[in-house]
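The chain contents come next:
Protein chains: 4
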Amino acid sequence: MIKVGIVGGTGYTGVELLRLLVLHPEVSLQVITSRSEAGRKVADLYPNLRGYTELEFTQPDTKALSGCDLVFFATPNGIAMQQARELLDGGVRVIDLAADFRIKNLDTWSRWYGMEHACPDLVAEAVYGLPELNKDAIRSARLVANPGCYPTAVTLGFLPVLQTGMASLDGLVADCKSGVSGAGRGANTAMLMAETGESFKAYAVAGHRHQPEIQQNLELALDKQVQLTFVPHLLPMIRGIHATLYVRVPGDPDLQALYEERYAAEPFVDVMPAGAHPETRSVRGGNTCRIAVHRPQGDEMVVILSVIDNLVKGAAGQALQNMNLMFGLDETTALRQVGLLP
Amino acid sequence: MIKVGIVGGTGYTGVELLRLLVLHPEVSLQVITSRSEAGRKVADLYPNLRGYTELEFTQPDTKALSGCDLVFFATPNGIAMQQARELLDGGVRVIDLAADFRIKNLDTWSRWYGMEHACPDLVAEAVYGLPELNKDAIRSARLVANPGCYPTAVTLGFLPVLQTGMASLDGLVADCKSGVSGAGRGANTAMLMAETGESFKAYAVAGHRHQPEIQQNLELALDKQVQLTFVPHLLPMIRGIHATLYVRVPGDPDLQALYEERYAAEPFVDVMPAGAHPETRSVRGGNTCRIAVHRPQGDEMVVILSVIDNLVKGAAGQALQNMNLMFGLDETTALRQVGLLP
Amino acid sequence: MIKVGIVGGTGYTGVELLRLLVLHPEVSLQVITSRSEAGRKVADLYPNLRGYTELEFTQPDTKALSGCDLVFFATPNGIAMQQARELLDGGVRVIDLAADFRIKNLDTWSRWYGMEHACPDLVAEAVYGLPELNKDAIRSARLVANPGCYPTAVTLGFLPVLQTGMASLDGLVADCKSGVSGAGRGANTAMLMAETGESFKAYAVAGHRHQPEIQQNLELALDKQVQLTFVPHLLPMIRGIHATLYVRVPGDPDLQALYEERYAAEPFVDVMPAGAHPETRSVRGGNTCRIAVHRPQGDEMVVILSVIDNLVKGAAGQALQNMNLMFGLDETTALRQVGLLP
Amino acid sequence: MIKVGIVGGTGYTGVELLRLLVLHPEVSLQVITSRSEAGRKVADLYPNLRGYTELEFTQPDTKALSGCDLVFFATPNGIAMQQARELLDGGVRVIDLAADFRIKNLDTWSRWYGMEHACPDLVAEAVYGLPELNKDAIRSARLVANPGCYPTAVTLGFLPVLQTGMASLDGLVADCKSGVSGAGRGANTAMLMAETGESFKAYAVAGHRHQPEIQQNLELALDKQVQLTFVPHLLPMIRGIHATLYVRVPGDPDLQALYEERYAAEPFVDVMPAGAHPETRSVRGGNTCRIAVHRPQGDEMVVILSVIDNLVKGAAGQALQNMNLMFGLDETTALRQVGLLP
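Chains as they are written, first to last, in the numbering used here: chain A, -12 to 329; chain B, -12 to 329; chain C, -12 to 329; chain D, -12 to 329.
Chain A with its partners taken away, still in its complex shape (with noise of 0.2 angstroms):
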């Protein structure tokens, strides 16, 4: 069994990270810790856990952190920066579900999070923790940097047609529309129900910070320069990301071959046939990346579809799926869940 802790889990990553470990045949679940909330019942914060666990949230404490094998930090940014080390020389090894080693150049991450970084050594040593992209680093990693939600949907959908060396890497569009349930469960008048129900826009259009962690994932992939304009909405609905992203290709490789060789290995990246649209219901509270590619009109526009449930394959699932490889486990486990739908 592998004795897993968490920090932090009294956010919606956290909540979601509980209901896949409840269920995880290999795991006991050790330790989660929440300042605020420490004495009380993590099923009395959470009811739909009434009956899967007793735990109760602890106070944040290293010591019972040291005795697992594995912790997830679920917490606002620039903690676990703060907390990483201890853990690792102590032997536990680390899956960071918030954006502290996401991003390998520290500048951009100082300009983007408005900090200073904490161990620059450790983001060099950080694997980020896409398993499509760096499987086998993970399997041995001590410290995991598990990506952000729009850049697990943009990334994926991205990768495969700009490897063809065919794409135009300037003015790409990455169109992106998430569920409020990525905006976290802080007290905020703008995600009230009455602020964001029957209603859309766009935010942060002028700069988000899961731009360079998308343009540090292209481009180290295609090791060129890319060119990329990142506009994310915000949907009236709780769960799930949409990305659309628009790549100009002037020849005509295949690009439905092309991605349905891309995965067919992968578990959990699903191309969809040719023609298909695919609905963010289809992966809600499942780890999967629903991925379609279209021409419109056999323009020289390629537009390609990426699906996932921005609290799974975009938060914990994902995380799930590195703790599985890391641990030796079948990537899958406790993670094969079929969308609910409706």
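Check each hint, because a few of them may be wrong.
Okay, the calculated beta carbon distance ranges per label pair [claimed, not checked]:
(1) C:320 x A:260: 58 to 68 angstroms
(2) A:22 x C:112: 47 to 57 angstroms
(3) B:237 x C:105: 36 to 46 angstroms
(4) A:253 x B:105: 45 to 55 angstroms
(5) C:127 x B:237: 43 to 53 angstroms
(6) B:151 x A:260: 51 to 61 angstroms
(7) B:41 x A:285: 28 to 38 angstroms
These are calculated hints, taken from the structure and not from any lab test.
Just so you know, even glycine gets a beta-carbon here, dropped at the ideal spot from N, CA and C.
Mind docking chains B, C and D on chain A? Use the hints.
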């Protein structure tokens, strides 16, 4: 392995059965029939099932079904009663998710369902599949009438207090609210999102088919007559039923203890602590009925709150629970699913 | 022109007042105060008002308000009672949209609102602003207590049947459902879309402040005691209240005729034909209370359905209706707005 | 008073026309036809209109219509072209809310709409009713082709930047999102709330009828060819369109000033301040198109955000705006409606 067939699997109870069955370790799904979709892959109609089943819909065909150990009818009312006898005679056990075998009084059934019953003797034989009421009878049943969604939530909520003998049996009120998936997948202007979204209304206040089913459940259990007003409402959401039940209880029984004891051994009924308000989302996708008991301001009027997922405990999940019982499996097999929250 | 001021206009009742007032032909909007938003244009906070008003929020300031003919308080409970006297003394009339002047019994008020009342004499003077009940008194009132949202829907729905003298006055049930805008615009985890969307629950079953207000309305009108159970629920939508009311009526009065007559002269109460089910969307954005009366299966239990838009007839629209009455205008001025459907 | 008739008033554009027309001070509504609902009161089908009109649906009948000054066609595509000539010949002016007269190139029209055109000469005569483009021509038009919903939002958003002459005219992207009311009121499984709620998808990526309409608008205005990729998506909400437009602009024109000037005199186009993100709810029920212009990170790619209510500025409101222009009224008559927010 239990060889299972489904008749009429294109509706929401059908896809929900599939969602649960494809991960059931003791089930081999043999056949799923649909006149309208014959020849089409199930996963083409329901992309959430891509990667989980290669099954195709086939024409309704008793021969294929007769090789099964169990057949689920996920059909409109009036179909199962035409086909059940032949299957039963061939040694196939049957669970009907429609209403054909729910009402023991044939006149009542005909009045509410608008047709003559095709096989009165099977009505007499059929076991009403509410495991918390009829567990032993279900284990040995050939034919199970799976309960309606509202009757499940209301019956489980009302029974313990009524069985005290202290409650007034007239003037019972069941004010119930259901998500739109309860209305099924048929094309229907009234159920368009533009008609049902961002709005709320009662319907069928003059009379609803689930009223006599609830009344039968209570009267059989109590062996007394009850007078019940049942008002269903339509919620602007997809899954979930919330029953708010009102009953005058002149004395002062310890209702909290009573409910906890009554359901202590039931894996799928969860009595919340005093003062709690169950949310439908806490059981979304799960097979749990979650109940809380209140006596506002110490008045005579007791208020019971009872929530289920109408497609799971209110339909497909309960059907699986019945199947598990009928085939000697652990009642919870393939049904331990944490509610999808948020 | 009526010179109008608004105190505390940043919440939903504030913006709704503005939506209605900017198109009122007899109103000159003079001042709107907000401590937190002083100096900001109203239309910056509420872009739907762009092009309709250039007004800015200002610091609360009795001097500016004292030049008005009428001041609306759209403030939290406990504010208006601090400031009303000075305005009234200066000849300004006041409509309080909060609860400060709704409850005549000061002990009851203190128990439910958790504070001592600052001006008991004004409570005695204040007219309860339900025009269908108190139209003449409102016309000449200096101080109007605008009713709560639930009390408006419930009182209008219950009164005619109770006033027959044939109804049982104990065991009354008001099962009420409200959209989330009723909870206001404050930052609050419980009202996030990720918490309230696609889910449904009861709340405050143990006791809610609107219960004594409803009870007072009924008891004053009937001059008799009533026993009422009031259970509010939260709908996954923004606007709208639906009250489902239950009352035992042993005899057989022609309730349909009774309701139609009672409200024949009321421009904002619409009694639907027998058998109808009012939808909240039919009054979205409009000031109408729409009612239908049922006697399911001919039983003793009568069911009344009553819907309003909680922000209009349940708050700002009713306040405007009161203003129209107080200033001798046609009651419907600026309030003839067709519900936004779909 | 303008005598007005409506053909085919049972759909959402029909009821929206009625919502606006019943409060128009210069309109006398004479007749509204519907084959399926003839004899039924309009307010029975649409209870929000109770108290605002006593009109009944009547059988389609040219005689009744020929007494009107203006007839709106709120019919499926292909109806208006059969009936317009007779009305026009009789001196009745016509506004078609369907697509019969929108596309000047008849081959293009036939290819996308799948039928031969019944009156090519009227296509040539018809004025495309986008007031911000064709105001003078609309004033004197006999026959107005009311624009599609997507084309309204996209054309108003794209035109000013394209007309600078500095933008690249190939590789234009219009990533558009629409509420479900755009799909109409027909019974249709795909538009059930259980199918469209809490989910998001693209549709018709291979090609959509509004693409040639948008392209025509841009090419006529610019007198140049453009290459445009148009991808529509379906939002889990009822009203509202959000167009996110992408165009490469190599130089550095002051786009904010440009947009503000272009629309300074237009009562129904609102250019927001730099950096803003228009929300669809800010125009819900209103006739405004609200636009914001961005250049993320100073890149070549310009992003324009444009929102409308698809049933108002995208259909019925724009039709009324056209009517006001055709009959010499103030363009804003009966259209000054503040968006319903929240």
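Cβ separation of residue 237 of chain B and residue 105 of chain C, checked against the hinted range 36 to 46 angstroms
Because 42 angstroms falls inside the window, the suggested range holds.
Tell me if the beta carbons of residue 151 of chain B and residue 260 of chain A are separated by a distance inside 51 to 61 angstroms.
holds, 59 angstroms
Using the Cβ atoms, figure out if residue 41 of chain B sits within 28 to 38 angstroms of residue 285 of chain A.
holds, 32 angstroms
Verdict for residue 253 of chain A, residue 105 of chain B (Cβ pair) under range 45 to 55 angstroms
holds, 50 angstroms
43 to 53 angstroms as the expected CB spacing between residue 237 of chain B and residue 127 of chain C, which holds or is violated:
holds, 47 angstroms
Can you tell me whether the CB distance of residue 320 of chain C to residue 260 of chain A sits inside 58 to 68 angstroms?
holds, 60 angstroms
Quick check on a hinted range of 47 to 57 angstroms for residue 22 of chain A and residue 112 of chain C, using CB atoms only.
The hinted range 47 to 57 angstroms holds for residue 22 of chain A and residue 112 of chain C, with Cβ atoms some 50 angstroms apart.
Consistency with the previously given hints is maintained throughout, with no hint failing.
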